[in-house]
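**Q** Top line first, the protein sequences correspond to chains A and B.
Quick note on numbering: UniProt numbering labels position 52 of the first sequence as 52, and the sequence is numbered without any gaps.
Quick note on numbering: UniProt numbering labels position 249 of the second sequence as 249, and the sequence is numbered without any gaps.
Honestly, I wouldn't trust all of these hints.
[Stated by the list, open to error] Computed cross-link-like contacts, SDA-like style, restricted to lysine to any residue with a CA-CA straight-line distance of at most 25 Å: (1) K229(A) x S297(B); (2) K338(A) x E179(A); (3) K109(B) x L26(A); (4) K338(B) x E230(A); (5) K129(A) x F301(B); (6) K60(A) x L105(B); (7) K198(B) x E103(B); (8) K236(A) x P292(B); (9) K302(A) x E103(B); (10) K109(A) x F64(B); (11) K129(B) x K139(B); (12) K175(B) x E217(B); (13) K317(A) x V329(A); (14) K109(A) x S91(B); (15) K302(B) x D135(B); (16) K183(B) x L267(B); (17) K109(A) x K41(A); (18) K41(A) x S91(B); (19) K109(A) x N244(B); (20) K62(A) x K198(B); (21) K9(A) x D142(B); (22) K198(B) x A215(B); (23) K109(B) x Q327(B); (24) K109(A) x N193(A); (25) K109(A) x T7(B); (26) K302(A) x R270(A); (27) K318(A) x Q5(B); (28) K109(B) x S91(A); (29) K9(B) x Y29(B); (30) K41(A) x D135(B).
[Said to hold, decoys possible] Here are the computed distance ranges between Cβ atoms for each label pair: (31) P291(B) x K229(A): 13 to 21 Å; (32) R184(B) x N193(A): 38 to 46 Å; (33) K109(A) x S33(B): 29 to 37 Å; (34) L56(A) x K318(B): 42 to 50 Å; (35) E133(A) x E324(B): 47 to 55 Å; (36) G181(A) x N92(B): 56 to 64 Å; (37) Q327(B) x L105(A): 35 to 43 Å.
[Unchecked claim] One-sided and incomplete, this derived list gives chain B residues near chain A with beta-carbon spacing under 7 Å: (38) N48; (39) R50; (40) Q100.
Since the hints were derived computationally from the structure, they do not count as laboratory data.
Keep in mind it's a predicted model, so treat the numbers as computed, not measured.
Even glycine gets a Cβ: it sits at the ideal position worked out from N, Cα and C.
There are 2 protein chains.
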Amino acid sequence: MKLGQATIKDIARELNVSSSTVSRALKDYPGISDETKRRVKELADKLNYRPNAVALSLRKSKSFTIGVIIPEVVHFFFSTVISGIEEVAFSNGYNVILCQTNERLDREKSSIDTMLSNQIDGLLVSFSKETTEFDHFSKLMDLDFPIVFFDRLPEIPNAVNVTVNDFEGAYQAVKHLLEQGYKRIVHLAGPSNLAISKKRKEGYLKALAEAGIEADESLIIECPGGNEKESFDVTKQLFENEKNRPDAIFAHHDIVAAGAMMALKSLDLRIPEDVGLVGYSNWQFSSMIDPPLSTVSQPGFKIGETAITMLLEMIDKKRDYKSEPVQVVLDTELLVRKSSVRI
Amino acid sequence: MKLGQATIKDIARELNVSSSTVSRALKDYPGISDETKRRVKELADKLNYRPNAVALSLRKSKSFTIGVIIPEVVHFFFSTVISGIEEVAFSNGYNVILCQTNERLDREKSSIDTMLSNQIDGLLVSFSKETTEFDHFSKLMDLDFPIVFFDRLPEIPNAVNVTVNDFEGAYQAVKHLLEQGYKRIVHLAGPSNLAISKKRKEGYLKALAEAGIEADESLIIECPGGNEKESFDVTKQLFENEKNRPDAIFAHHDIVAAGAMMALKSLDLRIPEDVGLVGYSNWQFSSMIDPPLSTVSQPGFKIGETAITMLLEMIDKKRDYKSEPVQVVLDTELLVRKSSVRI
DNA sequence: TTTTTTTGTGCAAACGATTGAATAGCTGTC
DNA sequence: GACAGCTATTCAATCGTTTGCACAAAAAAA
Numbered sequence: 001m002k003l004g005q006a007t008i009k010d011i012a013r014e015l016n017v018s019s020s021t022v023s024r025a026l027k028d029y030p031g032i033s034d035e036t037k038r039r040v041k042e043l044a045d046k047l048n049y050r051p052n053a054v055a056l057s058l059r060k061s062k063s064f065t066i067g068v069i070i071p072e073v074v075h076f077f078f079s080t081v082i083s084g085i086e087e088v089a090f091s092n093g094y095n096v097i098l099c100q101t102n103e104r105l106d107r108e109k110s111s112i113d114t115m116l117s118n119q120i121d122g123l124l125v126s127f128s129k130e131t132t133e134f135d136h137f138s139k140l141m142d143l144d145f146p147i148v149f150f151d152r153l154p155e156i157p158n159a160v161n162v163t164v165n166d167f168e169g170a171y172q173a174v175k176h177l178l179e180q181g182y183k184r185i186v187h188l189a190g191p192s193n194l195a196i197s198k199k200r201k202e203g204y205l206k207a208l209a210e211a212g213i214e215a216d217e218s219l220i221i222e223c224p225g226g227n228e229k230e231s232f233d234v235t236k237q238l239f240e241n242e243k244n245r246p247d248a249i250f251a252h253h254d255i256v257a258a259g260a261m262m263a264l265k266s267l268d269l270r271i272p273e274d275v276g277l278v279g280y281s282n283w284q285f286s287s288m289i290d291p292p293l294s295t296v297s298q299p300g301f302k303i304g305e306t307a308i309t310m311l312l313e314m315i316d317k318k319r320d321y322k323s324e325p326v327q328v329v330l331d332t333e334l335l336v337r338k339s340s341v342r343i
Numbered sequence: 001m002k003l004g005q006a007t008i009k010d011i012a013r014e015l016n017v018s019s020s021t022v023s024r025a026l027k028d029y030p031g032i033s034d035e036t037k038r039r040v041k042e043l044a045d046k047l048n049y050r051p052n053a054v055a056l057s058l059r060k061s062k063s064f065t066i067g068v069i070i071p072e073v074v075h076f077f078f079s080t081v082i083s084g085i086e087e088v089a090f091s092n093g094y095n096v097i098l099c100q101t102n103e104r105l106d107r108e109k110s111s112i113d114t115m116l117s118n119q120i121d122g123l124l125v126s127f128s129k130e131t132t133e134f135d136h137f138s139k140l141m142d143l144d145f146p147i148v149f150f151d152r153l154p155e156i157p158n159a160v161n162v163t164v165n166d167f168e169g170a171y172q173a174v175k176h177l178l179e180q181g182y183k184r185i186v187h188l189a190g191p192s193n194l195a196i197s198k199k200r201k202e203g204y205l206k207a208l209a210e211a212g213i214e215a216d217e218s219l220i221i222e223c224p225g226g227n228e229k230e231s232f233d234v235t236k237q238l239f240e241n242e243k244n245r246p247d248a249i250f251a252h253h254d255i256v257a258a259g260a261m262m263a264l265k266s267l268d269l270r271i272p273e274d275v276g277l278v279g280y281s282n283w284q285f286s287s288m289i290d291p292p293l294s295t296v297s298q299p300g301f302k303i304g305e306t307a308i309t310m311l312l313e314m315i316d317k318k319r320d321y322k323s324e325p326v327q328v329v330l331d332t333e334l335l336v337r338k339s340s341v342r343i
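Given these sequences and hints, build the entire structure.
**A** Here it is as structure tokens:
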């Protein structure tokens, strides 16, 4: 930056004092005469002096910048998380530098590299779908570098993380479907390598088991892509045949549910009368579609807030997360809308 | 950062050479013996040396970081823009630091301040709804600091910017409604202080004028909040009365349209048979609601890409935007879906 | 008046990397 | 054997800020 920004040196030269004096005067150090302080501050004001954060970073080995790694900004859930992160970071004087991996491991690794050379003070991570080994994280953690994982959990012992109670959320959702009298419930599952997918599936299974219903493996279908096209096709195929047709769907997330909803409509099946439908994540559109989609809401903003709050505590060493690792699990909330209510 | 990151000095010490030698060896400067180069590179590799970007920034007065100011991440449109920005920035070795203003001017100003003290090389801005005077931008521009505005245009002569052709988009949308035989078309408008709102309204007016229909001011209603609740209420009130009831809506964006759609449904009005509906921005959900919403799609990703490409050119002085200011206008696309087709 | 204490400033090194200029040790030439 | 010319390396300053220590002058105590 050219920007002719005034520096401490400029002030010092102009006032015929040393840089040290200016520095101290600006920070109201004791041992500087009131007169000098006044003159320094006055000039600083006039020149619109703004401390050079880069120089400060270098000097203090602290950049007041934290890195955020997420798969994709355009996922509504992630954008709410970012919003929460931003909010707390900003009010604590931290900057947020953002990298999205587009679900790719190589991008994840190189993003971390650039961020590290930019001397970030800590990292908030929701890793990519491709990430199955976690050395690039655990190496950093061994060096005491502060990392908080959110939403997606790494297979690293004692990793500090914030997630939602996916198991419970899924359990509640399916239990609700059962209470509404639905019997043959399909689960459109997420990518099997993500912990969240497993948790949701387990919740689904538990609810069935509790109701004394034996799980039918043919009703559990993985939708790794997570787009509406995929689930449209899957659902259409599943419900085409009248014989032994399922009567409800619990989807891994709302986009998947939306695809399923369209498939059901194209088959002239009524929702919720013929088929009940519950999604996950409470995407922005869920309440606006017809019928409004029942879903499990995840507190995205809260996740972001919590994660960065913990990260800042790690950075400031206010709490020793090493001896007392923390895994925060936030509650989900089942939002019952029209798509799953038939009694 | 503790991180015991190896520095040039560490390598120098270990190898009993000076830092300068190490620096030059790493960059294959001429005048360093092959033997030394080999040893330096080998050790650098072994120590996993990574240049300190902060030190570099300070030295070179260039941070390879650009700042992005947007109103809110959770707006789908903005998140696609960010995605485009991210992509190009990353592949050019730039970092993105992100601040959302939550539509507040004070946040906007203080964000810019922090970003500047972090020595960003340039700024991409979509300013807040509250921003009505632009001194905080024009001051910077006078100092030749690179800024590109997107989506929202400041009242600054010669500001470099990227927008979509909102006028044309709105015009096409309303023309389409007219072609479908709708006659009394409501416009649920955006905040009147934003240029985009004006442009869309003008497009609406032009289409009407062309069709020889006199604009009825009572059919143009501002929805400054832009949430579905607001437009729900407005729409309900407008359509409640059978007498002289409007027969179509052109909404300032899809959320507003979605609110209107719910209101219409609650009045048992059929879409598109009784009332036609077109939104704006092609939010993710628009294709998934029932009926699927016709809308004007804005190329968010492309906007991001274009804006940062121009910014990088300004930063690298590849092009002189000062003598030849540029205002890029990207085309929108009318996506005709069910909500507006009745013939 | 001399010594001690206080007050206000300045010096210089440091953070990590770069870079123009200086220098040391060669080899080769006349 | 003196000196030019080359190669490989080091010196030192620089970017903007902070901070331990030294130091001078003035004020207070002896």
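**Q** Determine for every hint whether it applies to the structure shown.
**A** Results for each hint:
no.: 1; hint: K229(A) x S297(B); in the structure: holds, 20 Å
no.: 2; hint: K338(A) x E179(A); in the structure: holds, 15 Å
no.: 3; hint: K109(B) x L26(A); in the structure: holds, 22 Å
no.: 4; hint: K338(B) x E230(A); in the structure: holds, 22 Å
no.: 5; hint: K129(A) x F301(B); in the structure: holds, 22 Å
no.: 6; hint: K60(A) x L105(B); in the structure: violated, 31 Å
no.: 7; hint: K198(B) x E103(B); in the structure: holds, 18 Å
no.: 8; hint: K236(A) x P292(B); in the structure: holds, 19 Å
no.: 9; hint: K302(A) x E103(B); in the structure: holds, 20 Å
no.: 10; hint: K109(A) x F64(B); in the structure: holds, 19 Å
no.: 11; hint: K129(B) x K139(B); in the structure: holds, 20 Å
no.: 12; hint: K175(B) x E217(B); in the structure: holds, 18 Å
no.: 13; hint: K317(A) x V329(A); in the structure: holds, 22 Å
no.: 14; hint: K109(A) x S91(B); in the structure: holds, 14 Å
no.: 15; hint: K302(B) x D135(B); in the structure: violated, 28 Å
no.: 16; hint: K183(B) x L267(B); in the structure: holds, 20 Å
no.: 17; hint: K109(A) x K41(A); in the structure: violated, 45 Å
no.: 18; hint: K41(A) x S91(B); in the structure: violated, 42 Å
no.: 19; hint: K109(A) x N244(B); in the structure: violated, 62 Å
no.: 20; hint: K62(A) x K198(B); in the structure: violated, 46 Å
no.: 21; hint: K9(A) x D142(B); in the structure: holds, 24 Å
no.: 22; hint: K198(B) x A215(B); in the structure: holds, 15 Å
no.: 23; hint: K109(B) x Q327(B); in the structure: holds, 24 Å
no.: 24; hint: K109(A) x N193(A); in the structure: holds, 19 Å
no.: 25; hint: K109(A) x T7(B); in the structure: holds, 21 Å
no.: 26; hint: K302(A) x R270(A); in the structure: violated, 35 Å
no.: 27; hint: K318(A) x Q5(B); in the structure: holds, 23 Å
no.: 28; hint: K109(B) x S91(A); in the structure: holds, 14 Å
no.: 29; hint: K9(B) x Y29(B); in the structure: holds, 18 Å
no.: 30; hint: K41(A) x D135(B); in the structure: holds, 24 Å
no.: 31; hint: P291(B) x K229(A): 13 to 21 Å; in the structure: holds, 19 Å
no.: 32; hint: R184(B) x N193(A): 38 to 46 Å; in the structure: violated, 55 Å
no.: 33; hint: K109(A) x S33(B): 29 to 37 Å; in the structure: holds, 33 Å
no.: 34; hint: L56(A) x K318(B): 42 to 50 Å; in the structure: violated, 31 Å
no.: 35; hint: E133(A) x E324(B): 47 to 55 Å; in the structure: holds, 51 Å
no.: 36; hint: G181(A) x N92(B): 56 to 64 Å; in the structure: holds, 57 Å
no.: 37; hint: Q327(B) x L105(A): 35 to 43 Å; in the structure: holds, 40 Å
no.: 38; hint: N48; in the structure: violated, 9 Å
no.: 39; hint: R50; in the structure: holds, 5 Å
no.: 40; hint: Q100; in the structure: holds, 6 Å
Checked against the numbered hints above, the structure breaks hints 6, 15, 17, 18, 19, 20, 26, 32, 34, 38 and satisfies the rest.
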